[in-house]
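Residue numbers (the working numbering): 970 to 1631.
Don't take every hint at face value.
Claimed, not checked - The list that follows gives simulated cross-link-like pairs (lysine to any residue, SDA-like), each with its CA atoms no further than 25 Å apart:
#, residue 1, residue 2
1, 1271, 1256
2, 1429, 1573
3, 1374, 1395
4, 1374, 1362
Said to hold, decoys possible - Distance ranges between label pairs, derived from CB positions:
#, residue 1, residue 2, range
5, 1475, 1330, 43 to 49 Å
6, 1575, 1344, 53 to 59 Å
7, 1304, 1364, 41 to 47 Å
8, 1282, 1584, 54 to 60 Å
9, 1278, 1364, 54 to 60 Å
Calculated directly from the structure, the hints in this document are not laboratory data.
In this text, all values refer to a predicted model and were calculated from it rather than measured experimentally.
Cβ atoms here follow ideal geometry from the backbone N, Cα and C, with glycine treated the same way.
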Amino acid sequence: MYKRPLCLPDSVIERPQKHLHKVSGLESWSRKIASLCSRPIRSSLSLYRRFLNPIRKEGEALYPLSDSELYQYRQQLQLALRKGGVSDSLLVKSFALIREVSGRTLGMRHFDSQLLGGLAMFHGNIAEMQTGEGKTLTATLSAATAAMAGIPVHVVTVNDYLTARDAEEMAPVYEALGLSLGVIVHGLSPQERRDIYAKDVVYCTNKELVFDYLKDSILLAGKDHQLHRHSERLKGNQEMLDQLMLRGLHFAIVDEADSVLLDEARTPLIISGPEIDQEDQLLVYQQAMSIARSLEQITHYKVIAREHRLEYTDEGEQEVLERTDGLGPFWVGRVRCLELVHQALTALHLFDRDKHYLVDDGKIMIVDEHTGRVMSDRTWERGLHQLIEIKEDCELSKPRETLAKISFQNFFRFYHHLGGMTGTAKEVVQELWSVYALPVVFIPTNKPSARKRLGRWVLKSEDEKWKKVVQRITQLHGEGRPILVGTHSVAASELLSEKLSSADIPHQLLNAKQDEQEAEIVSQAGVSGAVTIATNMAGRGTDIKLQDDVEAAGGLHVILTELHEASRIDRQLEGRSARQGDKGSFEVILSLDDTILTQTYVNWMRLILRLPLPSFVIRALTFTLMRRAQKQLEAEHARIRAELLKADQRQREILSFTSSKI
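Start from the sequences, fold in the hints, and give me the full structure.
Take a look at the structure:
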């Protein structure tokens, strides 16, 4: 049960966020022992099934009420929630009311599976609901219940497109419940953000939310405890408090929770100050790039592409130190010299055009590897952005000073109440629990899945892979089925587009360069015979509506052309087909040239391909090795996230003693 006192404005300000403190060894062990019991209890589906019958009965009583009678019911319920918090009986009434309002405004009453998902999230869990089960509608149950109790609610999504879409679709429900709804997207002014965050329910992206939090942190200069704020009010410094954008971190529902809480948590979020005019430093970046271009791979450095890093050889370190000797004061010190040239090598060999970034009108535009979208006005730190500009012959931007940074892991743990939903959580159950204390509740589907898995192919080369992909598209296009082809990068999507154009197959292309046409392209992707090539932009949250005659032809067919860094992302793409019991199919076509493979795995797979084995055995063995390589990469990323969390915690402990900004 989630209990809160009456949430007057002052009480909201007094507890802006949960404060994390360092635990002793004894306390740590006692928490671990307690967690062994609490996790299986909280994640048990039977704990939430007991609410279903009471919600249905309450809903039956609401159904014959007129709109005015339902309005009176809502007023009484809202008053009770604000006075006493959310008890089990009031939770039943609230869910029944929201379900009835949804039926009247949207023509959709929540299924039992959606009620279970809402209950799981409200009790502080991650609800794993299969793709197509209506998570957007499910979120209204917990979000609106908390908002009616006077608690500020954030519904966090992965990109601006989904944020605006979900808020627009669910707006009639919130409005009918008397709740104000706001949407935070890129490009809003500070005052517009303050006005929106003051609303009852706010839909926002994870990055916009965290950057606004960091801006408030800079303004508070580390004085984020409730006593600090109370002190500022006593001093009459209300003007400073009025400049804050967020009302605090009280109640959050995170959509695509595994992506937001884990996949995007490998890199800290950093907010920078104004540009620093340092001509000498720009010269240093040019010198570093010149030295990096003169070094020889293998002799001076090794590239470990799978781990997205490179390392010097002993000979390489010595070569760098010799070439930087006497270049000037910026090149004094062994660590600085090696770091600068290392960043230049990273820009040259680990960041690819049309994969990690685009060049648009002479500017470097970062592509979010998780969403496939351009991140406007974002830059890499520690000179990497300027070095990539030199690599691409772009005009050099000036460096910026880092003002504040935080990891997603620490940020979301500041919420008083945190819940979430996703279609892909089973692979990361332990990490979600150990980092966020979030159990995963597996929600059954409303209808049995009718998805067919048609095959897995691993070809010897990338050319053979694309020939196979074009062949399958040609065949299925002739059958009148819509086809969605998932590619790993902008460059790969454009290469396939060229091949389809050569084969006279009409198609749509969706990547970071077409983000403004996303809604239109997605709306046409379910038409009979439509062919859509897409990066990760057509993954999480994308709902492809099928034309009426498509079901008879077999539904949407999805082709995966390269394994992603996590199998969960592959499952998200698979989940675009056969939603809510519809027909659909999924196929995997890979090659030995795919970037996820190390040389070791490639050698093993080439050996297997030469063995006199039946083709189905060879396909099974090669695909198993591909998945094994993917699992190793997943483990490496989990290690990076754990190290980042520890580093972030150490930094916060240091700053807490020095009273510095975070």
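For each hint, the structure was consulted:
| no. | hint | verdict |
| --- | --- | --- |
| 1 | 1271 to 1256 | 21 Å, holds |
| 2 | 1429 to 1573 | 12 Å, holds |
| 3 | 1374 to 1395 | 30 Å, violated |
| 4 | 1374 to 1362 | 30 Å, violated |
| 5 | 1475 to 1330: 43 to 49 Å | 29 Å, violated |
| 6 | 1575 to 1344: 53 to 59 Å | 38 Å, violated |
| 7 | 1304 to 1364: 41 to 47 Å | 30 Å, violated |
| 8 | 1282 to 1584: 54 to 60 Å | 42 Å, violated |
| 9 | 1278 to 1364: 54 to 60 Å | 29 Å, violated |
In the structure shown, a violation is registered for the earlier hints numbered 3, 4, 5, 6, 7, 8, 9, in ascending order.
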